[in-house]
Amino acid sequence: MSSIEVGGKSYETDEEGYLVNLAEWDMEVANYIAQTENISMTEQHWEVVNFLREYFEEYQIAPAVRVLTKAIGKKLGAEKGTSEYLYGLFPYGPGKQACKIAGLPKPTGCI
Amino acid sequence: MADITAPAYREFPIIPVLKPGSMEGKGPFVASDKINEAVGFPGHLVDDWHDKAIAKMGELLSKYRSFKVFMDACVHCGACTDKCHYFIGTQDPKNMPVARQDLMRSVYRRYFTLPGKLFPKLVGARDLTREVLDEWFNYYHQCSECRRCSVFCPYGIDTAEITMAAREILDSIGYGQKYSNEIIGKVHKIGNNLGLPGPALLDTLEGLEEDVKDAIGIDVRFPIDVKGAEVLLITPSADFFAEPHIDSLIGYAKVFHASGTSWTLSSMASEAGNFGMFIGNYEQLRKIALRIREAALELGVKRIVVGECGHAWRVAYSFWNTLSGVGDGAGEVDRFAQMLQKQLDHRYKQPTHICEFTWDLIERNALTFDKSLNDKHIITFHDSCNVARGSRMGDLPGGQFEIPRNIIKAVANNFVEMAPNTTREQTFCCGGGGGVLTDDLLELRVKGALPRMEVLKQSVDEHGVNFMATICAICKAQFTKVLPIYGFDRKMVGGVHQLVSNAIQLGQK
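Line order of the protein sequences matches chains A and B. So for the first sequence, my numbering puts the first residue at 90; every next one is plus one. So for the second sequence, my numbering puts the first residue at 381; every next one is plus one.
Errors might be hidden in some of the hints.
Claimed, not checked - Short, incomplete list of chain B residues facing chain A, as computed with Cβ under 8 Å: (1) Pro-393; (2) Ile-395; (3) Gly-575; (4) Glu-623; (5) Ser-839; (6) Val-840.
What the hints contain is simulated information worked out from the structure, not anything from laboratory work. Ideal Cβ positions, reconstructed from N, Cα and C, are used throughout, including at glycine.
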């Protein structure tokens, strides 16, 4: 197991830098992970990250891409409820990259 | 990840210049103790791994006659050498199918043949050292078990079976791959590869009902756990979760709606995929398949239909009968298999591929399409390896090639083929099959996609192709990831039932 140090605090991660303990997540570590992914967090990024965390809390899994786009569309306007918008924010794929920043486990499978 | 770039297209698809050692390395992530133990494997490499590995190899040689024949039969003729997409893309000579086999064959000779026991150096036999074991782990995770090489082998040697045997040996000594074993654990624990729990699945399906209603104004249902439904749909969990997969799920639902078929999904068996095959482990293969039998018995369905998933269809078509009693051939003493045999309606194929289901309706003129709704697409079809070389569809040889193409032609006006030496039984793997669809193998995946990308590029340049249809969740996910790296739009790939969904007219018949 690896770990990352942010602001004097240590966070356990897996081989790919996903947090192991969901509960340890905070904004500092989110900002740090985002940096390592070459993303500087804006209000738009936080909207997505916060939604992911809320959804995860309820369902114990990240939302399907379609659920995510729909929720963002409802919240921020239909023009933002598209996968293009999300890929714009998280170029490596909204599923995996945004989950990593949100401190959620990586969705794996045939995706 | 960002530094992975696509290899250059070859001017002529000739045998590439060799780059020995170009793919040497540690291989994919090794499964942790927790992941391994959850599926019943030793947590980490056991102390007596050497003896255990040789014993396991002996067990497999006695159990699988094919494996022994493949170890003995190769004459090194070289017919397979340039047929592997990973060899073409990586130029590493150890990715030639014959070389991949020889990683195992050299050890087989040392421990299981007389000349190898007596004069190892003379017959290319070698001891199973830690270096050899690590080499196995690395290179047996650079094979997607696509079986293209076996089409060209004059002896019919199936490298996929050797890869499966290698992975089975590795798992038995606690040296498994994280990606596959973690996913198998999730199937057992939660019911699908993604780890999508029941409530999330319900929420997603309800969302889809709303979306379809908004889009076309018709209530198309996505039922789950409905007892007494006629059809149980078993589909890859990516169909609930990922793009473009979900568009095909909408397509299946519309076909069921249009034909008035009562159908259901199952929260217990919410996964068609069976990674037990990828790791060559019969017990896992069977255990995963049995969830489907359990769901079918509980729901009392008459038919089992399988969604767009390549290796799932190979497992369903070729192995479900003896594994679970779906299809003819269940053991006489297997009570639940016999029970399921009685329950299913044998006027239909058991199992039925969703493409067979839809094509049958089209042939009976039971569906209406507005083909012009697909006019924005110039479509080609990518045959998925496990469907092409591990199964069949319909009543005629080659049905697995014709039926998906026939559906596309029935729902769209513009269809063109890719180069014939890269389609049907000679199709190239997408580069992500067989348990390598993981970020830690992205370089391999990008390089392995080269042969398919070359012929796609040709179709784009010559015919303006802008949509590549396929019937496999892995192909869809792999292409979505690698297409942009080759300069294409990720949305160029999609399912056959995505095209069906675009064109089908509901409420017309």
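Verification of the hints:
Interface hint at Pro-393 (chain B): violated, since its Cβ lies 28 Å from the closest Cβ of chain A, which is beyond the 8 Å cut-off. The closest approach between the C-beta of Ile-395 (chain B) and any C-beta of chain A is roughly 32 Å, which is over the 8 Å cut-off, so the hint fails. Below 8 Å, beta-carbon pairs count as interface contacts, and Gly-575 (chain B) has one with chain A at about 6 Å; its hint therefore holds. Annotation: Glu-623 (chain B) was flagged as interfacial toward chain A, and the flag holds, the nearest CB pair being 5 Å apart, inside 8 Å.
Proximity of Ser-839 (chain B) to chain A is violated relative to the hint, the smallest CB-CB distance being about 25 Å (cut-off 8 Å). Taking 8 Å as the C-beta cut-off, the interface hint given for Val-840 (chain B) is violated, the closest approach to chain A being about 21 Å.
Against the hints set out earlier in the document, violations occur for numbers 1, 2, 5 and 6.
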